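Given only the sequences and the hints, what does the whole structure look like? Please build it.
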Amino acid sequence: MIVTRRVTFRLYPNKSQEVKMHYWRRLHKDLFNACLAERKTAYKREGRSINYFDQQNALPKFKENWEEYKPLGSQALQATVKRVDYGFQRFFQGLGKYPRFKSFCYYRGWTYPGVAGWKVHTNGGNGHLEISNLGKIQMRGKARSWGVPTTCTIVWKNNKWLASITVKCEVQRQTGTGAVGIDIGTLTAVAFDNGDKIDNPRFLAIAKSDIRKASKELRRKRKPEKRKFKASRRWKKARKKVSQLQNKVANRRQDWTHKVAAQITSANSLVATETLNVKNMTAKAKKGKRKRQKTGLNRSILDVGFGMLRSAIKYKVEEAGGNFLEVPAQKIKPSQTCPKCLAQKKKELSERIHQCEKCGYTADRDVASALVCLNWALGTNVLDVEQKALAKTPKKCGGFSQLSAMKRQKPRT
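Going by the working numbering, the first residue of the sequence shown is number 1, and it counts up by one from there.
No lab work stands behind these hints: they were computed from the structure.
Keep in mind the model is a prediction, meaning the values are calculated, not measured.
There could be a bad hint or two in this list.
No farther apart than 30 Å at their CA atoms in a straight line, the calculated lysine-lysine pairs in the DSSO-like style are these [claimed, not checked]:
(1) 291 - 213
(2) 294 - 333
(3) 216 - 157
What follows is a list of derived Cβ distance ranges for each label pair [unchecked claim]:
(4) 97 - 145: 31 to 39 Å
(5) 280 - 210: 41 to 49 Å
(6) 351 - 286: 39 to 47 Å
(7) 254 - 48: 16 to 24 Å
We put the beta carbon where it would ideally sit given N, CA and C, even for glycine.
Right, dumping it as structure tokens:
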């Protein structure tokens with residue numbers, strides 16, 4: 001299966017190359033702001049809308065007047081113009097705010113959307129990145145699967161230069177023949193239908209005291225303001241320390257997420273879990289509705305990384321040729337349904353033990369929810385895959401098939 005994957009390498013430019021890369025980053029930032037200003041001015045004064053192709057066709061004449069943009073490459077400049085157009089598209093679709101002007105501190109880098117202007121010398125490990133008018137730059141990293149490079153993005157992040165390269169490759173991932181239901185939560189990060197659990201690592205909670213201490217030291221330094229004074233060396237040093245601590249937490253969470261996802265995928269070709277709307281789950285509490293408690297819950301949800309863990313499991317299972325199924329939580333209600341008799345009863349978050357009043361089944365709440373997800377997957381997708389009408393006309397027993405109450409069987413491979 002040919003797929004597109006993104007691989008990130010760290011770059012080690014020499015001093016002259018680094019100075020030039022920062023200068024190029026500033027030029028791309030100025031081009032972004034110029035395109036945004038042109039759109040705003042044209043619509044405000046003339047009522048005329050400027051699209052991406054208008055600004056793209058103006059680039060050759062633009063480079064004649066501003067010769068410092070010629071070494072940057074035409075495709076890289078077009079990608080910067082495309083960023084402005086993408087921001088307006090998101091705004092008109094209601095997915096984002098109105099595009100704003102970027103400062104040099106918050107403009108990270110530029111993109112080569114094609115194979116022109118750069119070339120990578122590696123087989124997926126350490127090597128060199130060759131950029132036109134800049135030379136070869138040493139890079140370090142390792143890709144799990146390597147193929148044909150297609151695009152390259154140069155990023156300045158956490159005082160490091162990174163190269164994010166997309167490659168078309170053939171991924172080979174092995175998996176077992178088992179079926180598993182999982183429940184993702186905050187008290188226990190992952191609970192399985194057989195009773196096994198993976199504890200919440202709580203990366204942010206462990207580093208919280210150090211981050212607060214470093215943030216306090218940063219607040220004691222005078223913050224730079226525009227047109228008044230620049231940032232002092234002590235303020236920059238304090239800000240760098242806070243950034244390093246936060247980046248360390250993010251890296252540990254990402255590493256843990258991929259290890260857990262790989263562990264689940266290596267033994268199971270069918271993974272079932274409930275649908276999670278992380279955006280709604282982490283919404284701010286309304287006034288007078290236990291705002292402080294809701295803030296702590298949101299922080300715990302984001303610390304586990306519900307969305308990142310779900311996405312990692314999904315794409316790894318699909319790479320291995322397995323099935324990843326999401327139970328409709330609003331209809332099935334896995335955390336409130338008994339996996340044996342399918343009776344539903346509303347539970348509070350403080351109730352961590354599932355006790356069915358109808359059949360007397362007792363189990364951990366998260367384990368019971370994972371078992372409900374697996375039963376739903378086995379009943380509607382694997383054992384009864386040909387009866388598609390079952391999903392459209394669910395029965396009165398909570399939307400489950402009669403086969404879901406039978407003894408679980410291994411899925412077809």
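Against the structure, the hints:
Proposed proximity of residue 291 and residue 213 is supported: the alpha carbons are some 24 Å apart, at most 30 Å. The hinted pair formed by residue 294 and residue 333 meets the criterion: a straight-line CA distance of about 22 Å does not exceed 30 Å. Simply put, residue 216 and residue 157 have alpha-carbon atoms about 23 Å apart, close enough for the 30 Å limit, and the pair holds. Judged by the Cβ atoms, the range 31 to 39 Å given for residue 97 and residue 145 holds: they are separated by roughly 36 Å.
Distance hint check: the CB atoms of residue 280 and residue 210 are about 31 Å apart, inconsistent with the given range 41 to 49 Å. A hinted range of 39 to 47 Å is violated for the C-beta pair residue 351 and residue 286, which are about 24 Å apart. A beta carbon spacing of about 45 Å between residue 254 and residue 48 contradicts the range 16 to 24 Å that was offered as a hint.
Going down the numbered hints, you'll see the structure goes against 5, 6 and 7, while the others check out.
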